[in-house]
Amino acid sequence: MLYALKIAGRYLTASKAQTALLIVGVAVGVFIFIFMSALIGGLAEFILSRTVGDISHITIEAEIDDPAVLISPNDLDGGHVLFVTERGRDRTATLSDAATWLPLIEAVPGVRAVSPQITGAGFLTRGAQVSQVSVTGLEPGKESAILDLEGYMVAGTVRLGSGLIVLGNRLTDDLALSLGQTLRLQSSNGVTATLTLSGIFDTGNGGMDGARAFVSLSTARTLFAMPQGVTQIEIKLDDLNAADTTALRISGLTGLDAVPWTDGAEQLMEALNAQAQTGYFLKTFALITIVIGVASALLLSTYRRRPEIGIMRAMGASRGFVVFVFVTQGAMIGLMGGVTGAALGYLALLPFPSRDAFQAGTLPLDITQGSYGLAIALTLIGAILASILPARSAARVDPVTAIGQ
Amino acid sequence: MTISQSALLEVSDLVKTFGTGDVATRVLRGLSLSLAKGEMAALLGPSGSGKSTLLTILGTLMKPTSGSYNMLDQDLIAADDNQLTVFRNLHIGFVFQFHNLLPDFTALENVIFPTAVRMGRETSAARDRGRDLLVRMGLEERINFPSTKLSGGQKQRVAVARALMNGPELVLADEPTGNLDRASASQVMELIGQINREEGTTFLISTHDEKIAGLCRRQLVVGDGIVTG
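First to last, the sequence lines map onto chains A and B.
Going by my numbering, the first sequence wraps up at 405, each residue one higher than the last.
Going by my numbering, the second sequence wraps up at 1229, each residue one higher than the last.
Treat the hints with care, since some could be wrong.
Unchecked claim - Okay, derived cross-link-like pairs now, EDC-like style, lysine to aspartate or glutamate, Cα gap no bigger than 20 Å in a straight line: (1) Lys-16/A to Asp-1104/B; (2) Lys-6/A to Asp-1104/B; (3) Lys-236/A to Asp-257/A; (4) Lys-236/A to Glu-45/A; (5) Lys-236/A to Glu-139/A; (6) Lys-6/A to Glu-1122/B; (7) Lys-1063/B to Asp-1073/B; (8) Lys-1037/B to Asp-1022/B; (9) Lys-1063/B to Glu-106/A; (10) Lys-1149/B to Asp-1181/B; (11) Lys-142/A to Glu-106/A; (12) Lys-1211/B to Asp-1181/B.
Rather than coming from a laboratory, the hints here were simulated on the basis of the structure.
Bound-form chain B, shown alone:
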């Protein structure tokens, strides 16, 4: 499959079935999707529609039962676990609903993890970038705070900074504001929008919230295992 000129990624005919036989559940039923570089898209749909499964496959954390997935001219279906690990580290950032920070690490240590794990050590350049990202997230006072002592909104902003640490082309956000109060949710979304505009990072944000989806320039609706709109 040839990826179009401006597309960052393209998936087509994605099928994902969990279980076998009578208990087999087909979550994705031939889903096709293309995301352009610099896009900021919302992924909408009811619970169980396959949004999270799609994000997981796009994040290379899971392989589909069938279908194709190309990103940055690489066939990610054919790649093995080691290749996917490296690809994920360099090109994809994650923001989860429950921040998922490493509890025994400070805010800065969490942010620089993706770089440190690749380099095998914490370089001063990584620390500098990590600090810059935290300052940008408005967390200059919390740089060396243990992650467990941060508020929910602060944790999610640290998670966004961590997702951006290696300068990925794609950030996948699964309900990034689902666990935040309205003010914190707005703050996180403002930051995401700012990064998208200034750095051209592609965001695909899964959400139930119409207001959050409204902040994105494109809305994709997933229903019954395919993109319906």
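Pulled out of the complex, with its shape left as it was, chain A reads as follows:
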């Protein structure tokens, strides 16, 4: 159907201004589609990075066994309790075989970092001032594996070692601490250690900056009387959206209870879904506008070219040929408008910072989420569908009536 292509092209180039206007109209629709894709995708990325970017994507925690309950063997149905073990003061469970699982977890595809940790509560004492803190023991060298501590450091170094502690700026302000000063940390187990402040961080999160203390894993072992094992393993993934499937995989591999970040984040997920739905609506409206624009322009063209269509039919052009000519026009408009709009969209998004450099106060437009191919493909399909009605109308033109016009 080379000849039909030629005629379609000739019709489009015959009315250059009209065709250009039509292509610009389609391009604007595609531009909106791409802009919305980049904005909705970028916004979701921004929200996720701000909310879950610094937390563990998958967490494996030791399960705390309930105290044993002894029931009378003679009356199982009645369940007479004979003896109950009270929960002890120390409820810290241990992943005693962590060292065995770590290499296996690290080898799972998509796992970026694995951080074995010992966590617990403690009291920080500086002179007469006391502050309750949540203590996290990290493996030296993996201080920034989950939370980007290094990126948040405002003083000193993130490097943890024996006898060193890293605190948030709000806590150091409250206790009037400065780098190099010593302080006492008493754990919930009653163990006390004297530590030197080696670094101060500022995450912007009040709870974190005012109540978290990071020490080395070895210091935490001493504080919480845990000579081996860890209390939890935190895992960071390349793609946080893969948390559910990767958690299942890790659970299957290790038998441990791997919990993805999405557990307990239903409200966040609902909000993101609602945002995505809004994006779909806006993009759908953009596509509908394109379809209506192309259909109306081609219908006008069909009406204007009725005598020519009549001549073509009289000269032996089949109805299928006429349909092909007009559908091809629609496809050409869709393709040119789609490519132009996609190119404009890409160029317009270029000045915005990349997803890794999103900053508060700026539009989080993610150039990688422009859905360029999808926009072009949907526009092409939409334009073809839009041209079917005018094309069928053209094919039904009665040559006798049309020639007589």
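Keeping the supplied structure of chain A fixed, place chain B upon it in accordance with the hints.
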């Protein structure tokens, strides 16, 4: 119906009614006609006598209400739209009063349209034939001219060349000179006569002009929906 040995086409008892009920208008009232191969006939008659309707039916652009139409041993009443489209493309050429060229195409592109639309592309053989026809029409200087920039006479000559492109057995011309000045009209009619003589193409020319009709070897007069003479 059996077509006679030398006849190109035969129609008999053609009836064409437009509209229904009280507003029904019977334009053809049992018209019968036969055209021999190589004939050059004029179709005369007053306005509204049914000349254009007859040409439209003969050109397979419209079907009669009743009657028969055979051409080249084919029953064209029974043929469907696709068959008629192919038949029209191969065997029938049209020349209209208002040239009806495709405005966005050059003279050559207009001429080769009937072949290109059948082949699905513009072949070099088609271009060669198109050029030959335009040269024959005296338009060698206008081959690649946009059709909109041609004069009325030139446009009509391009239309004649287009009608001849696929070497049809029959060319139907509806007032081909009706929109031309005397000189251009004579030129077009000379060309038609020359092609008729040299190639044996059958022409049926609808006209009001007695002088044009006089150039044809046969005159058919249509009146009140039938051939009266």
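Query raised in the report: Which of the listed hints are not met by the structure?
Result: Numbers 8 and 9 - these are the hints that the structure violates, sorted from lowest upward.
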